[in-house]
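With the sequences and hints as input, model every part of the structure.
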Amino acid sequence: MSPRSHPSHRLGSRPDATPGPRDPDVASLVRLARSASAGRVSRRSLLAGVGGLGLASLLAACGTGGGTTPAGDGESSGQLTPAEDRSAEDGTLRWSNWTLYLDYDDAAGVYPTLERFQGESGLEVTYTEDIDSNDGFFGKYQNQLSRGQDIGADLITLTDWMAARLIRLGQVQELDAGNIPNLANLLPNYGEVEWDPGRAHSATWQGGFTGLAWNKTEVPRGLRTLDDLWDPALQGRVVVLDEMLDTMGLLMMADGVDITGDWGDTEFDNALEVLQKHIASGQIRQVKGNAYKEDLISGDALAVIGWSGDITQLNVENGDRWEFALPEAGGTMWADNLMVPMGSSHKANAEQLIDFYYDPAVAAEVAAYVNFVCPVEGAREEMEKIDPQLAQDPMIFPTDEYLANAQIIRALTPEEETRYNESFQRAIGN
Amino acid sequence: MTSRVAGRSGKQAGFERAAAPAGGTAQSRNRAGYGLVGPGLVYLLVFFVLPVFTLLATSLYVKPPGAEVGQFVPALEFGNYAVVLGGYWPELLRSFGFALLATVLCLVIGYPMAYLIAVRLRGRALVQGLLLVLLIAPFFTSFVLRTQAWKQILADEGFLVQALKTLHLMPQGASLTATSVAVVAGLTYNFLPFMVLPIYANLQALDHRLLEAGRDLYGSDLAVFRTVTLPISVPGVLAGTLLTFIPASGDFVNAAILGNNRNTTMIGQVIDSKFMRVLDYPGAAALSFILMVAILVLVTLYVRRFGTRDLV
Numbered sequence: 001m002s003p004r005s006h007p008s009h010r011l012g013s014r015p016d017a018t019p020g021p022r023d024p025d026v027a028s029l030v031r032l033a034r035s036a037s038a039g040r041v042s043r044r045s046l047l048a049g050v051g052g053l054g055l056a057s058l059l060a061a062c063g064t065g066g067g068t069t070p071a072g073d074g075e076s077s078g079q080l081t082p083a084e085d086r087s088a089e090d091g092t093l094r095w096s097n098w099t100l101y102l103d104y105d106d107a108a109g110v111y112p113t114l115e116r117f118q119g120e121s122g123l124e125v126t127y128t129e130d131i132d133s134n135d136g137f138f139g140k141y142q143n144q145l146s147r148g149q150d151i152g153a154d155l156i157t158l159t160d161w162m163a164a165r166l167i168r169l170g171q172v173q174e175l176d177a178g179n180i181p182n183l184a185n186l187l188p189n190y191g192e193v194e195w196d197p198g199r200a201h202s203a204t205w206q207g208g209f210t211g212l213a214w215n216k217t218e219v220p221r222g223l224r225t226l227d228d229l230w231d232p233a234l235q236g237r238v239v240v241l242d243e244m245l246d247t248m249g250l251l252m253m254a255d256g257v258d259i260t261g262d263w264g265d266t267e268f269d270n271a272l273e274v275l276q277k278h279i280a281s282g283q284i285r286q287v288k289g290n291a292y293k294e295d296l297i298s299g300d301a302l303a304v305i306g307w308s309g310d311i312t313q314l315n316v317e318n319g320d321r322w323e324f325a326l327p328e329a330g331g332t333m334w335a336d337n338l339m340v341p342m343g344s345s346h347k348a349n350a351e352q353l354i355d356f357y358y359d360p361a362v363a364a365e366v367a368a369y370v371n372f373v374c375p376v377e378g379a380r381e382e383m384e385k386i387d388p389q390l391a392q393d394p395m396i397f398p399t400d401e402y403l404a405n406a407q408i409i410r411a412l413t414p415e416e417e418t419r420y421n422e423s424f425q426r427a428i429g430n
Numbered sequence: 001m002t003s004r005v006a007g008r009s010g011k012q013a014g015f016e017r018a019a020a021p022a023g024g025t026a027q028s029r030n031r032a033g034y035g036l037v038g039p040g041l042v043y044l045l046v047f048f049v050l051p052v053f054t055l056l057a058t059s060l061y062v063k064p065p066g067a068e069v070g071q072f073v074p075a076l077e078f079g080n081y082a083v084v085l086g087g088y089w090p091e092l093l094r095s096f097g098f099a100l101l102a103t104v105l106c107l108v109i110g111y112p113m114a115y116l117i118a119v120r121l122r123g124r125a126l127v128q129g130l131l132l133v134l135l136i137a138p139f140f141t142s143f144v145l146r147t148q149a150w151k152q153i154l155a156d157e158g159f160l161v162q163a164l165k166t167l168h169l170m171p172q173g174a175s176l177t178a179t180s181v182a183v184v185a186g187l188t189y190n191f192l193p194f195m196v197l198p199i200y201a202n203l204q205a206l207d208h209r210l211l212e213a214g215r216d217l218y219g220s221d222l223a224v225f226r227t228v229t230l231p232i233s234v235p236g237v238l239a240g241t242l243l244t245f246i247p248a249s250g251d252f253v254n255a256a257i258l259g260n261n262r263n264t265t266m267i268g269q270v271i272d273s274k275f276m277r278v279l280d281y282p283g284a285a286a287l288s289f290i291l292m293v294a295i296l297v298l299v300t301l302y303v304r305r306f307g308t309r310d311l312v
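Here the protein sequences line up with chains G and Y, keeping their order.
Note that the first sequence covers residues 1 to 430 in my numbering.
Note that the second sequence covers residues 1 to 312 in my numbering.
Hints are computed from structural coordinates only; laboratory data are not their basis.
Take every hint as true, because none was put in to throw you off.
Covered by chain G, according to a simulated footprint, are these stretches of chain Y (three or more residues, beta-carbon under 8 Å):
1) 147–153
2) 156–167
3) 173–187
4) 264–271
5) 275–288
Which residues of chain Y face chain G? A few of them, derived with a C-beta cut under 10 Å, are:
6) K63
7) G66
8) A67
9) E68
10) V69
11) G70
12) Q71
13) G87
14) E91
15) A256
16) I257
17) G259
18) N260
19) N261
From the three backbone atoms N, C-alpha and C, an ideal C-beta is built for every residue, glycine too.
Next comes the structure, spelled out in structure tokens:
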């Protein structure tokens with residue numbers, strides 16, 4: 001079976017749940033109880049723990065509880081410290097990722113590369129596809145993250161801007177480059193990001209492009225610029241992404257703004273005005289996230305601002321009906337990044353896994369399945385052996401020409417992030 | 001005459017007999033009652049009363065200067081309420097408008113359904129059961145999936161829109177999804193069982209002899225319905241309308257999936273985006289609190305006006 005066939009079948013399967021409680025508070029209590037039975041903790045501190053748990057769950061039940069204020073140690077002592085690394089005695093690793101983001105063998109029901117890693121390293125990896133949005137992830141774990149507590153994952157996979165936020169907040173551990181020799185294979189254009197100098201805290205997992213996509217039969221001439229989206233013939237059949245940086249990045253680039261440079265409120269507001277105008281006129285049918293794919297399938301949307309890998313997958317699943325291209329004025333490039341949260345006590349194990357996936361042969365195997373941009377140097381040559389056609393796909397191995405037309409939007413300050421998110425949500429009716 | 005007196009005294013004796021074996025004093029019975037209510041009260045305390053206080057506290061927090069995204073400090077900033085009310089009153093009004101429309105539609109569609117199942121088909125258990133199953137069956141599918149299904153049904157290239165366009169009942173360029181019509185239709189569909197079931201439960205207990213008596217007194221079918229059936233079913237209607245209106249006004253799934261970004265945004269979507277996207281917790285909390293109070297006031301007025309005690 002070709003590695004690209006039937007991606008939809010992979011959806012349902014996922015590995016077994018984590019052994020032991022997933023809730024961090026409960027898990028820490030269980031650890032406490034275990035060490036208590038080993039005689040290391042007094043009965044009193046155990047009882048205090050139980051009381052604390054009760055209080056913690058009460059607060060958790062109260063919704064935002066401690067989440068709205070930085071937790072005590074987060075504010076007063078300023079810095080979080082990494083949990084003690086117990087990798088040497090504890091050969092486990094818990095990895096949280098997005099769905100369809102790791103090669104999966106339907107027939108055998110396993111992740112082939114991950115199986116191989118476990119065999120070679122002797123580590124036991126719990127792989128969970130539980131991240132479905134950056135905001136959702138942050139909302140769910142920010143209490144624990146801000147206190148440097150274990151969130152039930154040793155390796156997390158988040159998009160640039162969210163990775164930048166966690167690094168800025170000091171909530172992820174510094175990686176030891178000495179443990180990840182293969183990290184030298186990271187493509188140069190991913191190597192230097194302003195939010196993580198020298199890639200001290202993060203390693204790119206997969207990347208992608210934000211650009212234009214259209215229905216080839218209904219829009220035979222295709223789309224070349226953002227202005228083509230505002231063609232009266234497409235009235236009410238245009239959908240754009242509700243990821244603020246993606247849509248606004250493209251709109252600003254269409255205005256000739258250098259999104260990597262020092263653009264500010266004026267440029268943002270100008271682009272937002274364009275968005276508002278086309279929402280008000282009904283040219284833009286809806287502004288939404290992943291669900292834009294369903295609109296392409298149903299035909300409600302004929303032209304969209306979308307993500308590169310999605311269009312490849314849609315074409316595989318539904319017949320070759322859509323095309324993706326970067327606008328002439330440029331598209332944006334983003335990536336998801338592997339990071340180790342402060343509360344994880346398996347950093348060395350995580351580094352071992354990162355090193356494994358930065359092996360070009362392994363990276364090519366993953367890329368042949370997920371169809372997003374592979375950030376590993378040398379993977380293209382390896383792909384020639386797996387599927388020569390994929391080795392030529394600019395969405396997986398972008399050519400210099402393709403890369404020249406894609407930019408990474410600059411990191412936002414916390415004030416900008418809040419203000420722009422708010423204006424953007426307001427503009428899209430929320 | 002004598003038989004009536006005898007009957008009454010017999011009834012009284014029955015009551016005494018029933019009360020006697022229960023035994024004990026009123027006090028001990030009370031204690032047992034509190035014991036039974038206890039778990040419910042604790043549950044409410046933990047999952048309702050405490051969260052409401054946290055919500056209230058959070059709604060008054062402020063952002064310190066130079067704060068991180070989503071970082072706030074405790075304060076008593078009542079201005080938060082003015083800000084969100086000023087910014088989002090149209091969405092708030094629209095939510096109640098949509099919810100009201102959906103409730104009325106549910107009542108218009110749901111009452112005859114409940115009447116049919118509970119009164120007209122009385123005694124035909126098989127048909128009754130079948131219709132009830134049909135009514136509840138959609139609940140076996142997830143709420144979000146059902147709403148997604150509506151999106152497919154109403155899609156531009158879907159059967160319905162194409163048929164309407166062929167029949168010239170709909171202008172060529174128009175759509176059904178991404179409109180307020182679709183949002184209200186989705187709300188109506190999703191909350192219909194909440195309207196039908198209480199009315200059904202109420203009409204199920206309707207004493208047929210009352211209807212016969214009404215006809216015996218030369219009441220027309222309509223008059224019997226208006227003067228007997230309808231007033232008796234008011235508690236069911238009241239419960240049904242509340243069960244529909246309250247969740248519908250806070251709903252955000254229907255508007256998010258079936259609406260657009262122009263004129264269908266409901267307050268639930270705003271709260272969701274403030275909480276999950278902008279990380280403006282005080283704003284989200286203030287809006288939630290306003291929504292809660294507004295619903296409470298509306299419901300109180302409604303129950304005062306149409307409360308069962310005044311009508312039955």
